[in-house]
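Colleague: Chains as they are written, first to last, in the numbering used here: chain W, 1 to 118; chain C, 1 to 533.
Treat each hint with caution, since some may be false.
[As the list claims (entries may be wrong)] Here are the computed lysine-lysine pairs in the DSS-like style, where the Cα-Cα straight-line distance is at most 30 Å:
(1) W:K110 to C:K171
(2) C:K64 to C:K46
(3) W:K72 to W:K4
(4) W:K44 to W:K110
(5) C:K46 to C:K171
(6) C:K64 to C:K171
(7) C:K144 to C:K46
(8) C:K64 to W:K72
(9) W:K110 to W:K72
(10) C:K64 to W:K110
(11) C:K64 to W:K44
(12) W:K4 to C:K64
(13) W:K72 to W:K44
(14) W:K110 to W:K4
(15) W:K110 to C:K144
(16) W:K72 to C:K144
(17) C:K144 to C:K171
If you're looking for bench data, these hints aren't it; they were derived computationally from the structure.
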Amino acid sequence: MAQKDELGRWGEGIAAEFLEDGGYSVIQRNWRSPLGEIDIVAIKDGCTAFVEVKTRSSTRYGHPFEAISTHKLARLRRLAQSWCRQQDPHPDRIRIDAIAVVGTPGNVPKVEHLMGVF
Amino acid sequence: MSVARTRSIALNGLDGYLVEVEADVSQNLPGFVIIGLPDASLAEAKERVRLAASNSGCPLTDRKLTVNLSPASVPKQGSGFDLAIAMAGLAAAGSVSAQSVRDVVHLGELRLDGRIRPLSGVLPAVVAARRAGVHTVMVPLANKSEAELVPDVRVVTVSTLREAAIWHGGKYDSCAGSVASDDGEDLTTPVSYEASEGVPAKDGGRNQTHIDADVHGDLSDVVGNSEAVEALIVAAAGSHNLMMVGPPGAGKTMLASRLVGILPDLDEEQSLESSCIQSLAGGDLGGRLRQRPPFESPHHSISSAALIGGGSSIIRPGAVARASNGVLFIDEVPEMSSAVLDALRQPIESGQVVIQRARATAVFPARFQLVIAANPCPCGNYGVGGAECTCPPAARRRYLGKVSGPIRDRIDIHLAVNRITSAQLRIADDTPRMTTQDARLRVATARNRAADRLSDTPWNTNAQVPGTWLRDRPQRLDLAATDIADRALERGLITMRGYDRVLRLSWTLCDLSGADRPQREHVSQALYLRRGA
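Bound-form chain W, shown alone:
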């Protein structure tokens, strides 16, 4: 596996832990469809959050959030829609979140969580 994929995979693990610590229950990770992939689906207080996780080893090339384009968010929204169609019953409320992880495996990472970014 390429180093960046490894870092991304590690970051998603960190993000999932972070969500669970915050009272979320992670119900799905790396859900794939022909449209693409949802990193994390988590639920808290009846609201389903679709979370895009971005991991960077440092902010030398910009903050991880800067790499989340509107194009990417639009795709995440379509993905969320097709995820919801497969559920029974459909979730009541949904939200699109972003989590930035800055750090490398073996160190304490910096995690930031933005809610309702789209």
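Once you have looked at the hints, place chain C on chain W.
Modeller: For chain C alone, coordinates are given in the frame of chain W:
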């Protein structure tokens, strides 16, 4: 903490108004939005501000930054808001003190490395800030001397964005962490326009009186033509508009350029006004208000927008505004487009120009003294002894006819300038000639007399006084004095408006001679000057 505001100044013509720059940091993906009707150069500020901030080691927030310029319905332009936007952005994120930035007016354009570029129009902007009750302004270091000309305002100068952030309580090291300092460049050196754009160097205007004499020459350079010199002094003393007609080489241009030298220094108000216009037009003030009246001599091919002022988004002052409180000289006036020349009619009458565009209306002062010069005919030889004029009469008539009646009517002194003869040249060698210094003293004395006499009226100089007032008691002159002008009026040699002009000139001549009231000799001399050409 998530909303901060600061202030800046937007200029419309010479008038500036306060613009509130609000910044909000919201918990969202990184972004930078500027709202409040910015034009293209202002919308680009977001790239400049973001990069300047991160390159000077005090980066903006990594959340969404929204900047609003209010009043949001008024269009704004230019790059002078950069510093205010950066400070509001840093304060909204809590990087600098929101309390500190709130009451300060910020002016300055940012470079990508975080240094601050000087602006044009800082003087009128600071004047406007003071009028709006602002106590502290922050300006680029290179504009320091200009901003400090305005009294009762605390001027803070900064050369870099980091310096500004530290001044507002930002916790940054004073020199480390900057890209610009990495390459050994000195961050405290302001970027000056002078070096790159050929504007005269900073100390160019320091000794303006001296420079004036050099640039425009001394009155004693004029050989012979003592009548013309005398007429020039009369024009200067009463601020009368002047038209000179004469063959090529008679010295019309030479005379006109000497006129500004014999005008008295500007008073406080005029000095501030003219300096503001100069600053707005991008000129360098050299760290002092201008004391000497301006002299503008546009080429006769000038367009009306360049003469009156114009521009679509930023309305810039034209030659008329730059010549305000001084002299506007147009040489070879029949060559000028008559539509452009006639555009001067309204400013001459009202003393100001109002420029209206779709986005804004600007008012500039236009209290200039008009001096125009022309040849008597296209070949220039008409009426010259010993030379032959080759122009057909119709061409001759058409030539001077290009100066329309309404413009002629606004000119008090019509002067015929003749080539000097060898005899005059000889005589002139032995007679002492009037120097600019002496003439300026005479003019100043006469102007003071006029100002004293007119102290209870809204006017300052004789040229401004309306005819009705002059013909009214107690200013009305005795029949014995005005006899000659009355007869000229009766015979149709002058119009009623011309009669008023003769009266005005008489008062100026009387002020120059030190008499209390114009006598017969003053009136006849005035009549001669009025009809001279």
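Colleague: Does K64 of chain C lie within 30 Å of K4 of chain W when you go C-alpha to C-alpha?
Modeller: holds, 27 Å
Colleague: Assess, step by step, whether the Cα of K72 of chain W is no farther than 30 Å from the Cα of K4 of chain W, and give holds or violated.
Modeller: The hint holds at about 18 Å.
Colleague: Quick one, are K64 of chain C and K46 of chain C close enough, alpha carbons at most 30 Å?
Modeller: Holds: K64 of chain C and K46 of chain C sit about 12 Å apart, inside 30 Å.
Colleague: Is it true that the CA of K110 of chain W sits at most 30 Å from the CA of K4 of chain W?
Modeller: Given that 30 Å is the threshold and the Cα spacing comes to 17 Å, the pair holds.
Colleague: Check whether the Cα positions of K144 of chain C and K46 of chain C lie no farther apart than 30 Å.
Modeller: holds, 26 Å
Colleague: Are K64 of chain C and K110 of chain W close enough, with their CA atoms no more than 30 Å apart?
Modeller: Cα-Cα ~19 Å, so holds.
Colleague: Check the hint pairing K72 of chain W with K144 of chain C against an upper bound of 30 Å on the C-alpha distance.
Modeller: Roughly 48 Å between the alpha carbons, so the hint for K72 of chain W and K144 of chain C is violated.
Colleague: Just to be careful, I want the Cα atoms of K44 of chain W and K110 of chain W compared with a cutoff of 30 Å; is the pair within it?
Modeller: holds, 22 Å
Colleague: Please verify whether K64 of chain C and K171 of chain C have alpha carbons no more than 30 Å apart.
Modeller: holds, 22 Å
Colleague: Holds or violated: K144 of chain C with K171 of chain C, Cα cutoff 30 Å?
Modeller: holds, 25 Å
Colleague: Is it true that the CA of K46 of chain C sits at most 30 Å from the CA of K171 of chain C?
Modeller: holds, 23 Å
Colleague: Does K110 of chain W pair with K72 of chain W here, judged by a C-alpha cut-off of 30 Å?
Modeller: holds, 23 Å
The structure fails to meet hints 15 and 16 from the earlier list, while all remaining hints are met.
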